[in-house]
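Sequential numbering of the sequence shown, starting at 38, is according to the working numbering.
Heads up, some of the hints might be wrong.
Below, computed lysine to aspartate or glutamate pairings styled on DMTMM-like, alpha-carbon distance capped at 20 Å [stated by the list, open to error]:
no.	residue 1	residue 2
1	Lys371	Asp460
2	Lys126	Asp138
3	Lys250	Asp232
Cβ-Cβ distance ranges computed for the label pairs, FRET-style [what the hints assert, rightly or not]:
no.	residue 1	residue 2	range
4	Ala482	Arg537	20 to 28 Å
5	Arg375	Ala724	53 to 61 Å
6	Asp674	Ala332	40 to 48 Å
7	Ser184	Ala515	19 to 27 Å
8	Lys624	Ile391	39 to 47 Å
None of these hints come from the bench; they were simulated from the model. A quick note: this is a predicted structure, and the numbers were derived from the prediction, not measured. Beta carbons are placed, not taken as given, at the ideal position from N, Cα and C, and that holds for glycine.
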Amino acid sequence: MSALELLFEIGTEELPPGEIVPALQALEAHLVARCRDNRLAIGAVRTYATPRRLAVVVSDVAPRGEDAEELAMGPSAKAAFDADGNPSKAALGFARSRGVDIDAIERVDTPRGEYIAARIRQEGRPAAQVLTEALNAAFAAIPWKRSMRWGWADESFSRPVHWIVALLGGAVLPVSFAGIDAGDLTRGHRFLAPDPLRVTDAAQWQRALLDAKVVVDLDARRDAVREGVRATVTAAGLRPLLDEDLVEEVVHLVEWPVPLLGRFPEELLEVPREVLITSMKTHQRYFAAEDTDGALANAFCFISNMVVPDPAVVVAGNLRVLRARLEDARFFWKEDRRRRLEERVGDLATVRYIDGLGTLRDRADRLVALAGALADTLYPGDGQTATDARRAALLAKADLTTAMVYEFPELQGTMGRYYAAADGESDAVCAAIEEHYMPRGASDAAPRSRAGVVVALADKLDALAGCFALGLIPSGSADPYALRRATIGLLRVAIEHGLRFRPEQLFRQAWAALPAGAIRPEDETIAQLTQFLRERLRALLGEYGTEVATAVVATLDDDIPSLPERARVLRDLRGHDDFDALAAGFKRVVNIVARAEEDGTVITADLRPDLLLEPAEQALAAALTQAQATLAAALPDRDFDTVARTLVQLKQPIDRFFDEVLVNADDAAVRTNRLVLLARLRAAFLAFADISLIG
Numbered sequence: 038m039s040a041l042e043l044l045f046e047i048g049t050e051e052l053p054p055g056e057i058v059p060a061l062q063a064l065e066a067h068l069v070a071r072c073r074d075n076r077l078a079i080g081a082v083r084t085y086a087t088p089r090r091l092a093v094v095v096s097d098v099a100p101r102g103e104d105a106e107e108l109a110m111g112p113s114a115k116a117a118f119d120a121d122g123n124p125s126k127a128a129l130g131f132a133r134s135r136g137v138d139i140d141a142i143e144r145v146d147t148p149r150g151e152y153i154a155a156r157i158r159q160e161g162r163p164a165a166q167v168l169t170e171a172l173n174a175a176f177a178a179i180p181w182k183r184s185m186r187w188g189w190a191d192e193s194f195s196r197p198v199h200w201i202v203a204l205l206g207g208a209v210l211p212v213s214f215a216g217i218d219a220g221d222l223t224r225g226h227r228f229l230a231p232d233p234l235r236v237t238d239a240a241q242w243q244r245a246l247l248d249a250k251v252v253v254d255l256d257a258r259r260d261a262v263r264e265g266v267r268a269t270v271t272a273a274g275l276r277p278l279l280d281e282d283l284v285e286e287v288v289h290l291v292e293w294p295v296p297l298l299g300r301f302p303e304e305l306l307e308v309p310r311e312v313l314i315t316s317m318k319t320h321q322r323y324f325a326a327e328d329t330d331g332a333l334a335n336a337f338c339f340i341s342n343m344v345v346p347d348p349a350v351v352v353a354g355n356l357r358v359l360r361a362r363l364e365d366a367r368f369f370w371k372e373d374r375r376r377r378l379e380e381r382v383g384d385l386a387t388v389r390y391i392d393g394l395g396t397l398r399d400r401a402d403r404l405v406a407l408a409g410a411l412a413d414t415l416y417p418g419d420g421q422t423a424t425d426a427r428r429a430a431l432l433a434k435a436d437l438t439t440a441m442v443y444e445f446p447e448l449q450g451t452m453g454r455y456y457a458a459a460d461g462e463s464d465a466v467c468a469a470i471e472e473h474y475m476p477r478g479a480s481d482a483a484p485r486s487r488a489g490v491v492v493a494l495a496d497k498l499d500a501l502a503g504c505f506a507l508g509l510i511p512s513g514s515a516d517p518y519a520l521r522r523a524t525i526g527l528l529r530v531a532i533e534h535g536l537r538f539r540p541e542q543l544f545r546q547a548w549a550a551l552p553a554g555a556i557r558p559e560d561e562t563i564a565q566l567t568q569f570l571r572e573r574l575r576a577l578l579g580e581y582g583t584e585v586a587t588a589v590v591a592t593l594d595d596d597i598p599s600l601p602e603r604a605r606v607l608r609d610l611r612g613h614d615d616f617d618a619l620a621a622g623f624k625r626v627v628n629i630v631a632r633a634e635e636d637g638t639v640i641t642a643d644l645r646p647d648l649l650l651e652p653a654e655q656a657l658a659a660a661l662t663q664a665q666a667t668l669a670a671a672l673p674d675r676d677f678d679t680v681a682r683t684l685v686q687l688k689q690p691i692d693r694f695f696d697e698v699l700v701n702a703d704d705a706a707v708r709t710n711r712l713v714l715l716a717r718l719r720a721a722f723l724a725f726a727d728i729s730l731i732g
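With the hints as extra help, turn the sequences into a complete structure.
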């Protein structure tokens, strides 16, 4: 028999846009797993979706699963047969449980001795049987955030199910859910083509839906939205602001994308562009546009799900709603500016931050103090940065009390910049107010200005120190205070701006500013914060491999910016022929020195050449001295390629040393001198990375 094609479609009420892609992924994973478990060979799997349907097409489905033979192990041969070779009750029971004759039992040699076994043949099941079971179970395999029941059905789904298509090779499979039996009828656009459509296969299904004003292919619909906006806005002599997150959301709101353009009154452009763009996006799912000079235009583009005789009527209706939203924004903009941002700092005393950490007014005071200390640490001698950072830290949270930020929380910081500028604050202070939240996410940029860097670090350090001091430490996936994001942001700022500092020092500065109360001891808090930062560093360097990231993070001191380059060089070094042996030798060095330190041996003395008795230890000392000179020149310049080459050259003298020299010599002075040599060798490697952690 030839391979078959599966077409499965679940027709529903409009699904939540943000849950459609995860639902498709779960549906595909479920079907693939069921086919694999039943040894049913399948070809390509493609998923499709619109707001009213989830669908999957599986090509090249084998007519039936492959046969298999399993060797089922039983009791030991000693327990299975008596002295005369007759089967025991244990053997007879095993054969009966496996459905085979006692004569079919085999003896099998295993590492534990001789056992009996039975060969169980499993015939492949028909594809129709396997897929019917899989599709009936598929509805429950989709993990919706919220499900609902409707009518008299006991089953639940994200939205009511109205039709099911389940075709294997053109034949309907006996699939049913919530009283709906599968068939070969689908539905087109709810209003433009509401009549049922008979389908025979996946290709005809797509053509029929396209004729019925439904673009079922997600990629095609995404392209239609993107190109539709671009063409419509360009035709008006403008440039579209294509927000890809908005494109993705709109794709799951329409089945037949129809782009339309509208214009709002120009006087509304007095409102900051970020407010207008955010209002259009979050409230209405509209795309903004700008003119050829980059100024925001009084235009909006939206994707309709309808074809109407007079599009102007639809545009006018959308404009009425949008204009009301933008008028509200203009009102907030005017009202908020009746008070200076500095006057709002006092209002922060009425807003609780976190229980145990006071109000936002208390936090503003902590940020001012911490910003001043950080400016002195990171930019010594730059008094202007310290002044700007303290001023920005005082005003940074004041916009949280404005009506605009209450309406658009995502604009906190941005609105602070606008209000500060309107109050006549300096450009540096305005920029730092906005930048102190940066980076807001993985794709966001780090702060650009010095004052912005200082206040951003102060904000993150205060949050981290405060939460850890209260024991509010992230566990598992739970991170209600976004401390992982704050730590990654702190590290990105340090790396991108080349800032050298010891994390423990900054954490102690932040801890010292915390209010007295039920907070944990300083040393305990700092230790946990430092470990948490190391874990985030390893995650940040994950692209280089877990072991490489662990090796470079283990040597963390004050040079966080160098870690990505160290990781890159170490990853490349792992490909060297001598690396594994070098890592093994260094691990031996680390272990020997660590044991000596645990025993209380003092190995910080100067190396005595007169006690280097063996040629091998003399050779290692000479090679190390030469390497240390090279490392002393290369490390300050972060020339880690040279560092790596230099360390590799120590492999041979290290190997020779361990082959020919007894570290634990009888003479205590000689023994200590050899430990001093190994300790210096360890220090040379740890200036780059702890390669003993690799392999």
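Tested hints:
With a CA separation close to 13 Å, the supplied pair Lys371 and Asp460 stays within the 20 Å bound. Taking the CA atoms of Lys126 and Asp138, the gap is about 14 Å. The hint holds against a cut of 20 Å. Under the criterion of a C-alpha separation no larger than 20 Å, the hint pairing Lys250 with Asp232 is consistent with the structure, at around 12 Å. Remark: the range hint 20 to 28 Å for Ala482 to Arg537 is upheld by a beta-carbon distance near 21 Å.
Distance hint check for Arg375 and Ala724: the Cβ-Cβ separation is about 59 Å, which falls inside the suggested range of 53 to 61 Å. Restraint check, Asp674 to Ala332: a C-beta distance of roughly 46 Å satisfies the suggested window 40 to 48 Å. A hinted range of 19 to 27 Å for the beta carbons of Ser184 and Ala515 is consistent with their spacing of about 23 Å. Evaluation of the 39 to 47 Å hint for Lys624 and Ile391 yields a pass: the beta carbon distance comes to about 44 Å.
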